[in-house]
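With the hints as extra help, turn the sequences into a complete structure.
Here the protein sequences line up with chains A and B, keeping their order. Position one of the first sequence corresponds to residue 17 (this note's numbering), numbered consecutively onward. Position one of the second sequence corresponds to residue 154 (this note's numbering), numbered consecutively onward.
Hints are computed from structural coordinates only; laboratory data are not their basis. Glycine residues also receive a C-beta, built at the ideal position from the N, C-alpha and C atoms. Don't take each hint at face value.
Unchecked claim - Which bits of chain B does chain A cover? Going by a derived footprint, with three or more residues having C-beta under 8 Å, they are:
#, stretch
1, 204-212
2, 280-294
3, 353-364
4, 485-495
5, 504-513
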Amino acid sequence: MRRVAILTLVCALGVGALGQVTISFWHAMSGALGTTLTELIEKFHDENPAITVDLIYQGGYSALQQKLIAAVAAGEPPTLAQQYENWTTLWLDALVDLDLFLPEDLQGEFLPQFSQLFEGRMVTVPFNKSILVLYYRPDLVPNPPTTWAEFEAYVTAIGKDEAKGIYGTAFRPPNPEIFLTLLNQAGGSILSDDWSEVTINNAAGLEAAEFAARLAKYALVDSAYTSDAIQKGLTIGLFIDTSAGYTYNMNAAKTAGVPLAVAPLPCHVNCASMIQGTNLAVFAPKQSRAQIEAAAKLIAFLLREDNTTYWAQKTGYLPVTRGAIYGDAWQAYIATKPEQKAMTEQLIAGGFGQLLHPRYMDMRSLLITYWELLVKGEDTPKAIMDALAAEIEAIR
Amino acid sequence: MKLPTLQKGRRFWWDTLEAYVYLLPTLAVLGLFTFYPFVNAFLYSVYDIRTRTVPGPVLHATADSTAWVTALARGRIPEELSDVLRVRGVDPHELWVRLRQADRWVVKDEASGQEYIIVREGEELRVHQATTGWAMESVGWANFTWAFQDPDFRKALVNTTVYVGVSVPTTLFLALLLATLLHRGVRGKAFFRLTSFLPYITPVVAITMVWAWIYDRNFGLLNYFLRSVGSLFGVEVSLIDWLNDPRYVMPALIVMNVWRFVGYQALILLAGMQGIDREYYEAARVDGAGAFGVWRKITVPLLTPQIFFLLIISLIGSFKIFEEVLILLHGPGPQKSGLTVVYYVFTKAFDSGHYGLASAASVILFAIIFVLSLFQLTVTQRRVHYER
Chain A
17 MRRVAILTLV CALGVGALGQ VTISFWHAMS GALGTTLTEL IEKFHDENPA ITVDLIYQGG
77 YSALQQKLIA AVAAGEPPTL AQQYENWTTL WLDALVDLDL FLPEDLQGEF LPQFSQLFEG
137 RMVTVPFNKS ILVLYYRPDL VPNPPTTWAE FEAYVTAIGK DEAKGIYGTA FRPPNPEIFL
197 TLLNQAGGSI LSDDWSEVTI NNAAGLEAAE FAARLAKYAL VDSAYTSDAI QKGLTIGLFI
257 DTSAGYTYNM NAAKTAGVPL AVAPLPCHVN CASMIQGTNL AVFAPKQSRA QIEAAAKLIA
317 FLLREDNTTY WAQKTGYLPV TRGAIYGDAW QAYIATKPEQ KAMTEQLIAG GFGQLLHPRY
377 MDMRSLLITY WELLVKGEDT PKAIMDALAA EIEAIR
Chain B
154 MKLPTLQKGR RFWWDTLEAY VYLLPTLAVL GLFTFYPFVN AFLYSVYDIR TRTVPGPVLH
214 ATADSTAWVT ALARGRIPEE LSDVLRVRGV DPHELWVRLR QADRWVVKDE ASGQEYIIVR
274 EGEELRVHQA TTGWAMESVG WANFTWAFQD PDFRKALVNT TVYVGVSVPT TLFLALLLAT
334 LLHRGVRGKA FFRLTSFLPY ITPVVAITMV WAWIYDRNFG LLNYFLRSVG SLFGVEVSLI
394 DWLNDPRYVM PALIVMNVWR FVGYQALILL AGMQGIDREY YEAARVDGAG AFGVWRKITV
454 PLLTPQIFFL LIISLIGSFK IFEEVLILLH GPGPQKSGLT VVYYVFTKAF DSGHYGLASA
514 ASVILFAIIF VLSLFQLTVT QRRVHYER
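So, in structure tokens, the structure goes:
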């Protein structure tokens with residue numbers, strides 16, 4: 017009798033386990049971001065008891081990238097992972113076309129700013145997205161600038177006094193996205209639409225470079241995050257930074273005992289602002305169809321209106337679907353949060369994504385080099401842009 | 154060498170076998186983490202390596218492509234493809250589309266995990282077995298050419314050479330002075346010996362974090378010290394941005410590492426000095442030699458085996474500088490003034506995915522170190538005096 021009972025139990029457990037699918041999800045969300053992600057995964061488990069998500073924190077973005085590179089090379093990637101666009105281009109063939117697995121209504125839900133196809137394929141969906149916005153000191157900048165001219169006027173008026181630690185603005189050399197935003201605002205681009213020509217040094221590119229060079233004369237140029245400078249007590253009048261840095265910048269200002277506010281970027285020819293943050297993609301090697309379907313289910317869950325809104329409210333990232341961003345919950349939330357309202361307006365007004373060129377990783381490396389030369393005033397903007405264009409041409 | 158015969162040398166063979174058993178763990182670790190990557194670096198340096206789906210032999214070809222393309226575009230398996238693969242023992246119900254492009258599609262067999270790629274070649278569609286993973290395409294010397302044409306690699310070579318050229322002799326010279334002082338019996342000798350050796354045994358991460366603070370522009374110890382000294386003489390010393398100004402990055406790296414290694418090298422030299430026969434010194438004194446003369450004519454020449462050892466070891470180690478750059482500068486430094494060859498290799502492999510280029514750069518670095526070491530072995534060793 018006892019044997020029969022044991023056998024029945026084993027069979028029952030076995031049958032239960034048969035329908036169980038386990039997927040791995042590699043991410044780089046630390047601290048409060050990681051806690052919120054874990055909360056969402058627990059909620060997913062409650063709704064989908066047949067799926068187990070093995071949520072694995074891999075360290076910062078660099079560590080995640082390096083581990084993904086090694087895992088893909090070894091043929092053992094996770095089921096699902098956060099990734100930047102320029103990483104995705106490294107392992108495009110190893111990814112699953114998500115439009116084959118995601119619900120159709122979700123596919124039509126992404127804001128056009130987030131729609132991106134890699135060689136005609138939908139292999140990623142937006143996840144933790146932020147955008148460049150303007151941070152400013154209300155005591156020094158009573159009305160945030162809305163044009164380049166106003167921006168420059170404020171920066172010049174605040175000026176630069178290194179001995180007193182006062183700077184009109186701040187530029188980070190490792191962050192060429194600021195330049196790409198100015199470039200786009202001036203109507204320029206790295207390459208022509210069909211990628212047949214390097215256009216970064218045309219009239220629009222030069223205008224953006226000259227503007228940045230003029231601002232740089234009054235800027236703190238430092239590789240460290242601007243929040244570090246604020247925390248140390250340096251005065252930065254107004255600066256462009258990602259909305260994902262909101263908590264860090266605000267905390268730094270609080271520590272230093274200075275006010276700080278957020279506004280949409282000043283505009284020029286247009287109001288463009290570069291979208292930052294990672295996407296989600298599903299790897300094919302070593303994954304069964306059931307795992308891929310489970311991963312797609314998780315993606316659909318994370319991007320469901322209530323969850324993407326909750327994620328945005330808790331983390332400072334932006335909701336990524338039309339339903340969520342225009343939904344009652346988010347609209348009610350930003351009605352009481354002017355900073356988040358400014359970020360949302362910025363996204364809708366001019367959010368644009370990364371160039372999905374297979375050599376963008378190398379191009380970005382060049383952009384960092386020349387952006388640094390530009391903001392440090394090492395040469396004339398024209399010479400710098402021409403040299404940059406020549407190097408991009410060589411690797412294009 | 155004449156090996157003992159099996160009968161006579163049973164003991165020899167047993168001893169040899171025993172020795173290999175003891176060596177096995179070390180050999181296994183070395184083999185896995187040193188020799189295998191070493192050989193592979195050479196191999197990879199002549200390949201373009203990327204993750205891609207590579208077609209195998211053609212299984213089927215068809216000119217009637219419309220029905221195929223329509224079905225595949227909808228994520229469905231074409232009838233004819235099902236038939237083709239059914240003949241090969243594949244259950245069509247297990248097939249699913251995972252990749253769709255204008256001219257190629259990848260279909261996976263769920264049961265076996267095997268992938269099939271359908272490629273459009275002109276008017277024809279061809280079905281191949283496929284593999285997705287690291288694909289290597291031979292490119293000859295292209296990666297080496299790419300490295301030498303890359304301004305970043307050239308900059309990394311120059312930076313590394315400057316670093317080695319300054320830090321190796323400086324460390325050795327200071328270590329020689331320190332060892333001489335310790336050997337002469339200064340007060341608190343044990344304390345100095347301990348404190349000078351501590352940086353060597355402290356983890357490089359900890360050291361670098363401390364130096365990052367020392368070098369901080371606004372709150373660093375170094376600028377504070379310079380300003381304090383300046384104010385003593387009534388001179389206004391402006392703040393130096395040690396880690397953000399390309400002119401100071403390399404000196405900052407050199408100073409930190411000289412400090413880190415000088416104690417270790419001094420200890421090796423001190424051990425060498427203590428091993429020198431006292432009779433040489435006594436004989437020199439009898440002949441009326443002064444302290445500096447004794448040091449120059451006896452101590453230094455008889456220390457040449459240790460100096461030679463340190464020269465080789467520090468030369469190789471310095472060419473491989475990496476962690477300090479990563480932690481102190483969080484990158485290649487302003488205007489890539491801190492970019493070293495190993496950092497270049499690291500970023501090209503693990504940031505950009507150019508494994509072939511990274512391997513080629515590491516092979517070039519190996520060649521440089523190898524030639525320099527060979528030069529030292531053949532030329533410098535002639536000046537090494539071994540005590541007999």
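Here's how the hints hold up against the structure:
1. 204-212: holds (count 3)
2. 280-294: holds (count 3)
3. 353-364: violated (count 0)
4. 485-495: holds (count 3)
5. 504-513: holds (count 4)
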